[in-house]
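Residue numbers (my numbering), protein chains in the order written: chain A, 710 to 868; chain B, 710 to 868; chain C, 710 to 868.
Everything hinted at is true.
Chain A regions said to be covered by chain C (calculated; three or more residues, Cβ under 8 Å):
id, region
1, 743-753
2, 770-783
3, 827-840
4, 858-865
No more than 25 Å apart at the CA atoms, straight line, and that leaves these computed lysine-lysine pairs for PhoX-like:
id, chain 1, residue 1, chain 2, residue 2
5, A, Lys-798, B, Lys-766
6, B, Lys-784, B, Lys-767
7, A, Lys-789, A, Lys-805
8, B, Lys-715, A, Lys-714
9, A, Lys-806, A, Lys-784
10, C, Lys-714, A, Lys-714
11, C, Lys-805, C, Lys-784
12, A, Lys-766, A, Lys-784
13, C, Lys-714, B, Lys-715
14, A, Lys-772, C, Lys-801
15, C, Lys-766, B, Lys-805
16, A, Lys-766, C, Lys-801
17, A, Lys-776, A, Lys-789
18, A, Lys-798, A, Lys-776
19, B, Lys-714, C, Lys-714
20, A, Lys-715, B, Lys-714
21, A, Lys-766, C, Lys-806
22, A, Lys-789, B, Lys-767
23, B, Lys-825, B, Lys-784
24, C, Lys-714, A, Lys-715
25, B, Lys-772, A, Lys-798
26, C, Lys-715, B, Lys-715
27, B, Lys-766, B, Lys-784
28, C, Lys-776, B, Lys-798
29, C, Lys-772, B, Lys-806
30, A, Lys-767, C, Lys-801
31, B, Lys-825, A, Lys-714
32, B, Lys-798, C, Lys-772
33, C, Lys-825, C, Lys-784
34, A, Lys-789, B, Lys-801
35, C, Lys-825, B, Lys-714
36, A, Lys-805, B, Lys-772
37, C, Lys-805, A, Lys-776
38, B, Lys-766, A, Lys-806
39, C, Lys-767, B, Lys-801
40, C, Lys-805, A, Lys-766
Keep in mind that the hints were calculated from the coordinates and are not lab data.
Virtual Cβ for every residue (Gly too), placed ideally from N, Cα, C.
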Amino acid sequence: MGDPKKTTIVLFSGDYDKAMAAYIIANGAAAYDHEVTIFHTFWGLNALRQETHIPLKKGFMEKMFGKMMPRGADKMGLSKMNFAGFGPKMIKEVIKKHNAMTLPQLIEMAQEQDVKLVACTMTMDLLGLQREELLDNIEYAGVAAYLADAQDGNVNLFI
Amino acid sequence: MGDPKKTTIVLFSGDYDKAMAAYIIANGAAAYDHEVTIFHTFWGLNALRQETHIPLKKGFMEKMFGKMMPRGADKMGLSKMNFAGFGPKMIKEVIKKHNAMTLPQLIEMAQEQDVKLVACTMTMDLLGLQREELLDNIEYAGVAAYLADAQDGNVNLFI
Amino acid sequence: MGDPKKTTIVLFSGDYDKAMAAYIIANGAAAYDHEVTIFHTFWGLNALRQETHIPLKKGFMEKMFGKMMPRGADKMGLSKMNFAGFGPKMIKEVIKKHNAMTLPQLIEMAQEQDVKLVACTMTMDLLGLQREELLDNIEYAGVAAYLADAQDGNVNLFI
Numbered sequence: 710m711g712d713p714k715k716t717t718i719v720l721f722s723g724d725y726d727k728a729m730a731a732y733i734i735a736n737g738a739a740a741y742d743h744e745v746t747i748f749h750t751f752w753g754l755n756a757l758r759q760e761t762h763i764p765l766k767k768g769f770m771e772k773m774f775g776k777m778m779p780r781g782a783d784k785m786g787l788s789k790m791n792f793a794g795f796g797p798k799m800i801k802e803v804i805k806k807h808n809a810m811t812l813p814q815l816i817e818m819a820q821e822q823d824v825k826l827v828a829c830t831m832t833m834d835l836l837g838l839q840r841e842e843l844l845d846n847i848e849y850a851g852v853a854a855y856l857a858d859a860q861d862g863n864v865n866l867f868i
Numbered sequence: 710m711g712d713p714k715k716t717t718i719v720l721f722s723g724d725y726d727k728a729m730a731a732y733i734i735a736n737g738a739a740a741y742d743h744e745v746t747i748f749h750t751f752w753g754l755n756a757l758r759q760e761t762h763i764p765l766k767k768g769f770m771e772k773m774f775g776k777m778m779p780r781g782a783d784k785m786g787l788s789k790m791n792f793a794g795f796g797p798k799m800i801k802e803v804i805k806k807h808n809a810m811t812l813p814q815l816i817e818m819a820q821e822q823d824v825k826l827v828a829c830t831m832t833m834d835l836l837g838l839q840r841e842e843l844l845d846n847i848e849y850a851g852v853a854a855y856l857a858d859a860q861d862g863n864v865n866l867f868i
Numbered sequence: 710m711g712d713p714k715k716t717t718i719v720l721f722s723g724d725y726d727k728a729m730a731a732y733i734i735a736n737g738a739a740a741y742d743h744e745v746t747i748f749h750t751f752w753g754l755n756a757l758r759q760e761t762h763i764p765l766k767k768g769f770m771e772k773m774f775g776k777m778m779p780r781g782a783d784k785m786g787l788s789k790m791n792f793a794g795f796g797p798k799m800i801k802e803v804i805k806k807h808n809a810m811t812l813p814q815l816i817e818m819a820q821e822q823d824v825k826l827v828a829c830t831m832t833m834d835l836l837g838l839q840r841e842e843l844l845d846n847i848e849y850a851g852v853a854a855y856l857a858d859a860q861d862g863n864v865n866l867f868i
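Please put together the full structure from these sequences, using the hints given.
Quick look at the structure:
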């Protein structure tokens, strides 16, 4: 059999549709017994935010970012045809109609399949996000850890 | 010589300029005897739409998506400086001036070079796109087929 | 030890945050002794523009593109929450606060670490950019040279 194949995804984007694509590929690769890592950086970190407001001590800029960015996967907008939130409603409608999975469901499935979900600590600092605000059972690392995974990766994507 | 090299591209974007980049890399790789696959998903499917309106039975949401999305490569907008359609005109102008290839020409060339053009069936369902609306001589597959190609790929990109 | 690992990045995007991600990964990979290439194409070329206006003979379209596109890394906008230039100010503020590196500093560091910075000659022609306008000590090449690097790459990304 040899070593398992590896898939790594940098999820930079904070768009619902792009994050869906990332998690669909990740779940597919995990089903094929790949070792899969999603490294969430910049706006991609929003997919890992908890929906409920967690009161934390923050500076002014950190509060601003915290308020302006979507709180969790379900609140994210589309990369195209967002139409002030109407586009995401349409997408969620057709997902339901076709019995496909929503982004929060895809994330849950990824966790069940042991996809390694990593939050980029450097961009957490920049955007003022703290561990208490993010999902449980994720890992925290920097670009060095990402590269250590990716340099042996069979499929490496930046989304 | 060994096995041929492989290039796979996920074309997620529905932007004219990003699709141009995807097809330029694909055509270049095909010229270097790579086996090349472009897997069109989400808005990238629009590059495969036929220009003419094909009357088909569709539900309300599917009709909405069908109307709002560009019908074919030539109708797509730019990722930057779109300016309500003025940007694409500028790009097409300079393409002509420099004897470069337009996106429809790049797609035609890819088909002549046997680049495998695949439409993602799952997102076709979501966006309500049917086979009758898409170009001839393309393939239909899901994420499993993409991963089977990509895991042996030398160059794998998400665009 | 064997051959050094290789990282290649196509920088298509002209966004400050995406270019930051590209250069952070590139600098990280260079620190791990990878051979690193960033291939700047389309709007990504703007990261290589000099800040000062260089008077050059140009046609009408080329002048238009030249005026509309940001002149250098420091002038680039954000992919999200740009808010007419307020977003970049916020990002630069938090970068300073956390002693992180700005995009111009990351580019300088990449040059010091011998990251190969390449400008795509085909899209330079399309956008009317000339060598006199770009940074010193960069290389000029087309898609063939990119593919020659990428087909042996361990980590290949499109940003």
